[in-house]
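Colleague: So the chains spell out like this:
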Amino acid sequence: MTIATVISAASGGEGFAPPGPADFHLPPLFGEVTKPMVLVVLAAILVFAFTYLAARPAAVVPGRLQFAGEYVYGFVRNGIARESIGSEHFMKFVPYLFSLFLFIAVNNYFGLIPFIQYPTMSHFGFPLGLALLTWVLYIGVGIGKHGFLGYLKHVTIPTGVKGPVLVIIMPLEFLSNILVRPATLSLRLFANMFAGHLLLMLFAFGGEYLLFESTSLINGVAGVLSFVMFGAVTVLELLIMFLQAYVFTLLTATYLGESLADEH
Amino acid sequence: MSESLMAAAGEPNPLVPHTVEIVLGAVVFLLLVAAIAKFVVPRFEKAYAERTAAIEGGIAEAEQAQNEAKAALEQYTAQLADARHEAAAIREEAKEQGAQIIAEMRAQAQAEAERITSTAHAQIEAERAQVVAQLKSEVGALATELAGRIVGESLADDDRQKRTVARFIDELEGSAN
Numbered sequence: 001m002t003i004a005t006v007i008s009a010a011s012g013g014e015g016f017a018p019p020g021p022a023d024f025h026l027p028p029l030f031g032e033v034t035k036p037m038v039l040v041v042l043a044a045i046l047v048f049a050f051t052y053l054a055a056r057p058a059a060v061v062p063g064r065l066q067f068a069g070e071y072v073y074g075f076v077r078n079g080i081a082r083e084s085i086g087s088e089h090f091m092k093f094v095p096y097l098f099s100l101f102l103f104i105a106v107n108n109y110f111g112l113i114p115f116i117q118y119p120t121m122s123h124f125g126f127p128l129g130l131a132l133l134t135w136v137l138y139i140g141v142g143i144g145k146h147g148f149l150g151y152l153k154h155v156t157i158p159t160g161v162k163g164p165v166l167v168i169i170m171p172l173e174f175l176s177n178i179l180v181r182p183a184t185l186s187l188r189l190f191a192n193m194f195a196g197h198l199l200l201m202l203f204a205f206g207g208e209y210l211l212f213e214s215t216s217l218i219n220g221v222a223g224v225l226s227f228v229m230f231g232a233v234t235v236l237e238l239l240i241m242f243l244q245a246y247v248f249t250l251l252t253a254t255y256l257g258e259s260l261a262d263e264h
Numbered sequence: 265m266s267e268s269l270m271a272a273a274g275e276p277n278p279l280v281p282h283t284v285e286i287v288l289g290a291v292v293f294l295l296l297v298a299a300i301a302k303f304v305v306p307r308f309e310k311a312y313a314e315r316t317a318a319i320e321g322g323i324a325e326a327e328q329a330q331n332e333a334k335a336a337l338e339q340y341t342a343q344l345a346d347a348r349h350e351a352a353a354i355r356e357e358a359k360e361q362g363a364q365i366i367a368e369m370r371a372q373a374q375a376e377a378e379r380i381t382s383t384a385h386a387q388i389e390a391e392r393a394q395v396v397a398q399l400k401s402e403v404g405a406l407a408t409e410l411a412g413r414i415v416g417e418s419l420a421d422d423d424r425q426k427r428t429v430a431r432f433i434d435e436l437e438g439s440a441n
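If you read the sequences in order, they're chains A and B.
Numbering (our numbering) for the first sequence: 1 to 264.
Numbering (our numbering) for the second sequence: 265 to 441.
Simulated from the structure, these hints should not be mistaken for lab results.
Wrong hints could be hidden among the right ones.
[Said to hold, decoys possible] Using 30 Å as the maximum straight-line C-alpha spacing, the simulated DSBU-like pairs for lysine-lysine come out as follows: (1) A:K92 x A:K145; (2) A:K92 x B:K302; (3) A:K153 x A:K92; (4) B:K310 x A:K145; (5) A:K145 x B:K302.
Sequences are here, hints too, so could you generate the full structure?
Modeller: What follows is the structure, given as structure tokens:
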């Protein structure tokens, strides 16, 4: 669709039209249903299918699939949940964190899978939804543990801070711990996926334009270079897509750990 | 999809979230969490627990085997010490018995020697007694003979002998008549 736009723009003599936010807004597939909506459901199905098949044998000596599943599960369970929340309470949150990690990772990797090539999380609504769930969860857990006022005190007054400086500290702490967190959490994921996909589109469309819409040799070389950059950015994206899923999950676990902590 | 349509819609602001996406994402994700909490996590935990149990069981088994081996070793060592002790005792006993046997033999030999000596003494004594008795009788005979000789010599003068002989003959002639 967008490629056609670019090509038509190019052939129309208006030069290269760089990809922009408009390229993320595809028309609905049918009715009101858009591609990212389908993908988000597909991701959930894929994650459940993989983990269910991996977990089903529950064998002492695991097969390959179970080993792979346990590897990821152990990574989230021990590496993220237990480290951040502490061995006392972490088991309650393992299903949430495990699902969160895999769900975000699969949605991110949709951006690189041929024929899908669309990172769901580049639509701000999805990361925002997840961030709001995390927000509700960690505040709920905090209130459940400390009581409403206790949690408010827990969040706004850092240990050891006394006197008039609290007048400045308290609003800042409230701002950073309650108001800003869901925004940063969702924006970080969204912006990474958005920018990464934009970059990939830029190098792909740009390379294509330079190679096929121009007769100049220099443009041809630049087009090849552009595709080389496309490959390099793809490798980079592979890393970023994992990293963003990890960071989102880790921060969620950290917030939960803070809510459950006795001291701020 | 063309330029004109996009231009009409304007550049969409990617930072404006679609409510439907927020809700859909959250709902789908919550369903996933529920499914994973119900079907996946318990099984992974079960596998973990079983594996831990298996490993701990293996360790316990190994410990038991080690203890058994240690006990067996102790037993063998004890048995070996016992055997050594026993051997030493047997050797000691044999030595004692040997000494005893030697002493007994010595005593026996001595007794035998004494017996032989005493028998010899008795025999010698008997023989001596016999000889003495024989000698006594022989000495009597000899003495008598010697005395006879001595007496006979005195009578053996020719005249006397002739007269004795003559008388004897006379007596014999007289008795014969």
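Colleague: Does each hint fit the structure? Answer for all of them.
Modeller: Hints, verified against the model:
no. : hint            : result
1   : A:K92 x A:K145  : holds, 14 Å
2   : A:K92 x B:K302  : holds, 12 Å
3   : A:K153 x A:K92  : holds, 24 Å
4   : B:K310 x A:K145 : holds, 28 Å
5   : A:K145 x B:K302 : holds, 25 Å
Hint check: no violations occur; every hint is consistent with the structure.
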